[in-house]
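Engineer: Line by line, the protein sequences give chains A and B.
Residues in the first sequence are numbered consecutively from 1, following the numbering used here.
Residues in the second sequence are numbered consecutively from 1, following the numbering used here.
Treat the hints as calculated values from the structure; they're not laboratory data.
The structure displayed is predicted, hence computed values, not measured ones.
Note that beta-carbon positions come from the ideal geometry of N, C-alpha and C, so glycine has one too.
Be careful, since some hints might not be right.
A few chain B residues facing chain A, derived, Cβ under 7 Å [said to hold, decoys possible]:
(1) ASP5
(2) ARG10
(3) LEU31
(4) LEU39
(5) MET66
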Amino acid sequence: MTAGMTVFAVSCTAKPKGARTLQKERQLGEFLAEVERRALRIAEIAVRDRDEAMDIVQDAMTKLVRNYSGRGKDEWPPLFYRILQNSVRDWHRRQAVRNRVMVWFGRANSDDSDYDVVAAAPDPTGRSPDEELENSEAMRDMETAVHALPTRQREAFMLRTFEGLDVAGTAVAMGCSQGSVKTHYSRAVHSLRDKLGEHWQ
Amino acid sequence: MNKTDEQLVREAQEAFDASVDGLDAATLSRLNRGRQAALSELARPGQEWLRWLPATGVAAAVLLVMITLRGPGDVDRIIAPAADLDILLSDESIEMLEDLEFYSWLDIQELEGDGDLG
Chain A
1 MTAGMTVFAV
11 SCTAKPKGAR
21 TLQKERQLGE
31 FLAEVERRAL
41 RIAEIAVRDR
51 DEAMDIVQDA
61 MTKLVRNYSG
71 RGKDEWPPLF
81 YRILQNSVRD
91 WHRRQAVRNR
101 VMVWFGRANS
111 DDSDYDVVAA
121 APDPTGRSPD
131 EELENSEAMR
141 DMETAVHALP
151 TRQREAFMLR
161 TFEGLDVAGT
171 AVAMGCSQGS
181 VKTHYSRAVH
191 SLRDKLGEHW
201 Q
Chain B
1 MNKTDEQLVR
11 EAQEAFDASV
21 DGLDAATLSR
31 LNRGRQAALS
41 ELARPGQEWL
51 RWLPATGVAA
61 AVLLVMITLR
71 GPGDVDRIIA
81 PAADLDILLS
91 DESIEMLEDL
101 EFYSWLDIQE
111 LEGDGDLG
């Protein structure tokens, strides 16, 4: 085959740029549709506020598309959850700063050492009837217990148990070693068992 | 992991899955809109420069005022702080300052390149 014929053959078989973009958009759309609901619940458990969780998930989806659409789709899950976890941590930092500012201006009645994230969270019994239906009593107990875990343990437990990432994927998502993931996860499970009791559910 | 731990994890998975399945229509609709908005980023990579336009305009105006007030001889001394101002005034940089850790991580990922995440 001559060089000219080779070029012609390649130009005929190669997908046009527009088709590649459409295919990438379709793949990203399928991936995001697959993870968005679980991501929302994971973020909601971490921040205890659905609207805030929705913003965090939206932000994570946008950052993934903007920065990593060119990566292979096998890389998207750990990357997406790493972005999500970073966003959740950032949210908690902002909340801590906001709380300090409120204390400074005398609009809070406790100092940092007294601040209890669980106690400050919305009362689960104050949810609407629809939300009551969608969240069982068992899940509320679990959410409260998971939320109260140290940050890294909470991340490891939610990524491994709720999202189903393997140890390697969780390590990428958390930005740490696989050994650390195993340690955090093991401690989280034992802590939850102690808090919830063996007769939970 | 003993039996009790396995049971707890399995029951936690079931409770979580049930809560995901129970998300209401309004929430699912918001998620869908958010996903579409995120995907729209793919369609406009060439318009990235538009995000810098307002900040660049403000910086140019400030530069012009400073040159007018201090005279053309000080242009070199004025340009450097004006460039900083340009960066500081953009929405993108404010976001970057807020998410410094994330962008630091993002830079590291870019430097390491492909094939090192598996």
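Engineer: Any CB of chain A closer than 7 Å to the CB of ASP5/B?
Structural biologist: 5 Å, holds
Engineer: Would you check whether LEU39/B satisfies its interface hint, that is, whether its CB is within less than 7 Å of any CB in chain A?
Structural biologist: 6 Å, holds
Engineer: Let me know if the C-beta of ARG10/B comes in closer than 7 Å to any C-beta of chain A, holds or violated.
Structural biologist: Given a least distance of 9 Å, the restraint on ARG10/B is violated.
Engineer: With 7 Å as the cut and Cβ atoms as the points, is MET66/B at the interface with chain A?
Structural biologist: 33 Å, violated
Engineer: Checking hints one by one. Is LEU31/B an interface residue toward chain A, by the C-beta closer than 7 Å rule?
Structural biologist: Interface hint status for LEU31/B: holds (5 Å vs cutoff 7 Å).
The structure does not agree with the numbered hints 2, 5 stated previously, though it agrees with the rest.
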